[in-house]
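Given these sequences and hints, build the entire structure.
So the protein lines, in turn, are chains A and B. Just so we're on the same page, our numbering is the position in the first sequence counted from 1, plus 1. Just so we're on the same page, our numbering is the position in the second sequence counted from 1, plus 66.
Please keep in mind that the hints were generated in silico from the structure rather than gathered at the bench. The C-beta atom is built at its ideal place from N, Cα and C for all residues, glycine as well. Errors might be hidden in some of the hints.
Unchecked claim - Covered stretches of chain B (chain A as the covering partner; in silico rule of three or more C-beta atoms under 8 Å from a C-beta of chain A):
#1 106 to 119
#2 321 to 332
What the hints assert, rightly or not - In silico DMTMM-like cross-links for lysine to aspartate or glutamate, where the CA-CA straight-line distance does not exceed 25 Å:
#3 B/Lys114 with A/Asp13
#4 B/Lys164 with B/Asp256
#5 A/Lys7 with B/Asp411
#6 B/Lys465 with A/Glu72
#7 B/Lys393 with A/Glu73
#8 B/Lys393 with B/Glu279
#9 B/Lys465 with B/Asp378
#10 B/Lys393 with A/Asp70
#11 B/Lys465 with A/Asp70
#12 B/Lys129 with A/Asp13
#13 B/Lys129 with A/Asp41
#14 B/Lys444 with A/Asp41
#15 B/Lys416 with A/Asp13
#16 A/Lys7 with B/Glu122
#17 B/Lys293 with B/Asp310
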Amino acid sequence: MKRAFKATFIEDNGVRHTIDVPEGWSLMEGAVKHLVPGIDADCGGACACATCQVYIDPDWAGKLAAKTDMEETMLDFAPLVQPNSRLSCQLRMTEALDGIVLRIPKQQH
Amino acid sequence: MSEKFVIIGAGQAGAQAVQSLRSEGFTGSIAMVGDEAWPPYQRPPLSKAYLLGQLERPRLFLKSDAFYAEAGCELLLNTSATAIDRAGRTVALGDGRKLTYDKLLLTTGGRVRKLKCPGAELPGIFYLKTIADVDALQAAFVTGARIAIVGAGYIGLEVAAVGAKRGLRVTVFEAMDRVMARAVSPAMSDFFAAEHVRAGVTLKLNTGVEGFEGSGRVERIIAGGRKYDVDLVLVGIGVTGNDDLARAAGLACSDGIVVDRNARTSDPDIYAAGDCTRHHGREGIELRLECVQNAIDQAKHAALAMVGKPRDYSEVPWFWSDQYDLKLQIAGLARPTDTLVQRGDPAGRKFSVFHLRDGKIAAVEAVNAGQDYMIGRKLIAEGKAVEAARIADLSIPVKNLIG
Chain A
2 MKRAFKATFI
12 EDNGVRHTID
22 VPEGWSLMEG
32 AVKHLVPGID
42 ADCGGACACA
52 TCQVYIDPDW
62 AGKLAAKTDM
72 EETMLDFAPL
82 VQPNSRLSCQ
92 LRMTEALDGI
102 VLRIPKQQH
Chain B
67 MSEKFVIIGA
77 GQAGAQAVQS
87 LRSEGFTGSI
97 AMVGDEAWPP
107 YQRPPLSKAY
117 LLGQLERPRL
127 FLKSDAFYAE
137 AGCELLLNTS
147 ATAIDRAGRT
157 VALGDGRKLT
167 YDKLLLTTGG
177 RVRKLKCPGA
187 ELPGIFYLKT
197 IADVDALQAA
207 FVTGARIAIV
217 GAGYIGLEVA
227 AVGAKRGLRV
237 TVFEAMDRVM
247 ARAVSPAMSD
257 FFAAEHVRAG
267 VTLKLNTGVE
277 GFEGSGRVER
287 IIAGGRKYDV
297 DLVLVGIGVT
307 GNDDLARAAG
317 LACSDGIVVD
327 RNARTSDPDI
337 YAAGDCTRHH
347 GREGIELRLE
357 CVQNAIDQAK
367 HAALAMVGKP
377 RDYSEVPWFW
387 SDQYDLKLQI
397 AGLARPTDTL
407 VQRGDPAGRK
417 FSVFHLRDGK
427 IAAVEAVNAG
437 QDYMIGRKLI
447 AEGKAVEAAR
457 IADLSIPVKN
467 LIG
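Printed below as a string of structure tokens:
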């Protein structure tokens, strides 16, 4: 069995979901598998739809891999984007991210 | 009494419908019937990361088992629907069971078009549509093997790219004069053809397949009047909509189940969504789309109509393909008469082709240019006029195309 680490998604209404995400999976995949509401992920992780946006808690921002050009441009067109926005399909779970906290925007479309 | 909804077809559209029915407040029962062994899964990665071995099977599934349990959706897998009795409002299943319904949703998807030439039934000739198809292909898909790919569409070229990466000797046979001819402009075809050749793939354009030979297993492909030795063959020559069940039930069909803008068939209690439908596109033209976008959006619209909140479907279609390190993203539907405007230089492996119609953007194809794609998609939806010269001018940021 793969190792898994914790991630906490907080909905716009404040509801918290702490889930296990297997190492190497994207945080989006973890959220979808655990029925976290508000992560639409229409394209299934191909970085083609920008519907899995999350806001990264400031404590964790420095621990993430940098955005690719593609993620950057997809985020340009997502609604409600903030400086700490990321696409959760592009964030891979690692030991360093164990315990990461992410907030979910009010809408993805 | 609580209403019963039945969904036939356990794919992307079916899964979306379950989610949307519940989020739109449907409280009755839902049963979903699927003829594969698996609950709904993503098909796009099958010819990409899954074939490459970079995505393990559990990651293909669109929802967890818990999702269906929580949604109160009964999954009836490994069984197909064999007949719809519209008067009695029942669906007969292959295992002898009968399901009654108040409303029915058909998300039956498509099936691969098969070659009919001599030798087409030989073992070692593969198609790619399901997990089982890829798992069968994997055993022969080994380094050094000579693979003939029939058809240079999305599936054929994605498999060619994976094959080249994994050290197979790849030859692609295409009857038309360019690759992805149905999907992209000539400039884009030329770019992708060159990329495949650079990766070591042999491309045989204008080369129709006449047959296969082999004793007990495919050993040669006959194409363009020549014979080529092969170890395996992958055929990707398109998909037909699964409308047989609907047709047999007397529903209007025409290469696909005909639906209106609310995803309703000619029977007001039967809806259809995804690859299996023929619908009116946003431009008023009847079409059948094979893509994730249509599966998702049409399923959402079907769910809305089924719970009595119909909304007209007019979303901009979008598509993507991953080949090597190239991400091709397409929005809108091109026509041969469109005016083409290129932005960026293919030599930089990052460019796009905009299709203009009546001064507006009708479609965009972008390679490694997500911004052009996303802007294009937005402008297609908004239908605003854009000057061709501004599109081609890289000194104008794509965000400022209108202005």
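Consistency of the hints with the structure:
Under the rule that three or more residues need a Cβ within less than 8 Å of chain A, the assignment of the stretch 106 to 119 of chain B holds, with 3 such residues. Counting residues of the stretch 321 to 332 of chain B whose beta carbon lies closer than 8 Å to any beta carbon of chain A gives 0, which falls short of the minimum of three for the stated coverage. A C-alpha spacing of about 34 Å is found between B/Lys114 and A/Asp13, which places the hinted pair above 25 Å, so the restraint is violated. A distance of roughly 52 Å separates the Cα atoms of B/Lys164 and B/Asp256; the hinted pair therefore is violated under the 25 Å criterion.
Pair hint A/Lys7 plus B/Asp411 does not hold up; C-alpha atoms about 44 Å apart against a cutoff of 25 Å. Taking the CA atoms of B/Lys465 and A/Glu72, the gap is about 16 Å. The hint holds against a cut of 25 Å. The hinted pair formed by B/Lys393 and A/Glu73 meets the criterion: a straight-line CA distance of about 15 Å does not exceed 25 Å. Among the hinted pairs, B/Lys393 with B/Glu279 is inconsistent with the structure: their alpha-carbon atoms are about 36 Å apart, more than 25 Å.
This hinted pair does not check out: B/Lys465 and B/Asp378 have alpha carbons roughly 29 Å apart, beyond 25 Å. For the given pair, B/Lys393 sits about 12 Å from A/Asp70 by alpha-carbon distance, which is consistent with the 25 Å threshold. For a cut-off of 25 Å, the pair hint linking B/Lys465 to A/Asp70 stands: about 15 Å separates their Cα positions. Taking the CA atoms of B/Lys129 and A/Asp13, the gap is about 22 Å. The hint holds against a cut of 25 Å.
Restraint check for B/Lys129 and A/Asp41: the C-alpha separation of about 11 Å stays at or below 25 Å, so the hint holds. A threshold of 25 Å between alpha carbons decides the hint, and for B/Lys444 with A/Asp41 the separation of about 19 Å falls inside it, so the pair holds. Our distance criterion of 25 Å between C-alpha atoms is broken by B/Lys416 and A/Asp13, whose separation comes to about 36 Å. Of the pairs offered as hints, the one joining A/Lys7 and B/Glu122 holds, with about 21 Å between alpha carbons and a cut-off of 25 Å not exceeded.
The straight-line distance between the Cα atoms of B/Lys293 and B/Asp310 is roughly 37 Å, outside the 25 Å bound, and the hint therefore fails.
Violation of the numbered hints given earlier is confined to hints 2, 3, 4, 5, 8, 9, 15 and 17; the remaining hints are satisfied by the structure.
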